[in-house]
Amino acid sequence: MENVDKRVLKVLKSINSIGNFENSNNFLVDGLVDSLDIIRLITLLETEFEISINALDIVPENFDSINSIIKLINSKN
74 MENVDKRVLK
84 VLKSINSIGN
94 FENSNNFLVD
104 GLVDSLDIIR
114 LITLLETEFE
124 ISINALDIVP
134 ENFDSINSII
144 KLINSKN
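Taking my numbering, the leading residue of the sequence shown gets 74, the next gets one more, and so forth.
Calculated directly from the structure, the hints in this document are not laboratory data.
Incorrect hints may appear among the rest.
[Claimed, not checked] FRET-style restraints, in silico, Cβ to Cβ:
no., residue 1, residue 2, range
1, 103, 83, 25 to 33 Å
2, 112, 80, 13 to 21 Å
3, 129, 91, 16 to 24 Å
4, 77, 133, 17 to 25 Å
5, 89, 119, 12 to 20 Å
6, 93, 113, 26 to 34 Å
7, 91, 148, 17 to 25 Å
8, 127, 91, 14 to 22 Å
9, 98, 77, 24 to 32 Å
[What the hints assert, rightly or not] The calculated DSSO-like cross-link candidates involving lysine-lysine, where the alpha carbons are at most 27 Å apart (straight line), are:
no., residue 1, residue 2
10, 86, 149
11, 149, 83
12, 144, 86
13, 144, 83
14, 144, 79
15, 149, 79
Cβ atoms here follow ideal geometry from the backbone N, Cα and C, with glycine treated the same way.
With the hints as extra help, turn the sequences into a complete structure.
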């Protein structure tokens, strides 16, 4: 099985194939994702990792970097 970070990156690249997610500390500020992309990202992450992300989890801090997304995923396992 792929590492979690590689799987997260694969999901992110499916939303924005040209985004440089690896070098970004804040996807929203850097313009790599917008609010609609976050909704798509949540759906894709729930499917990929078989988790449920609830409304209280949908805050920018949980989706602004690969590390923050991994932290969110780990909190759901």
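Inset, instruction - Against the earlier hints, flag every one the structure doesn't satisfy and list their numbers going up. - result: Hint check: 1, 3, 6, 7, 8, 9 fail, others pass.
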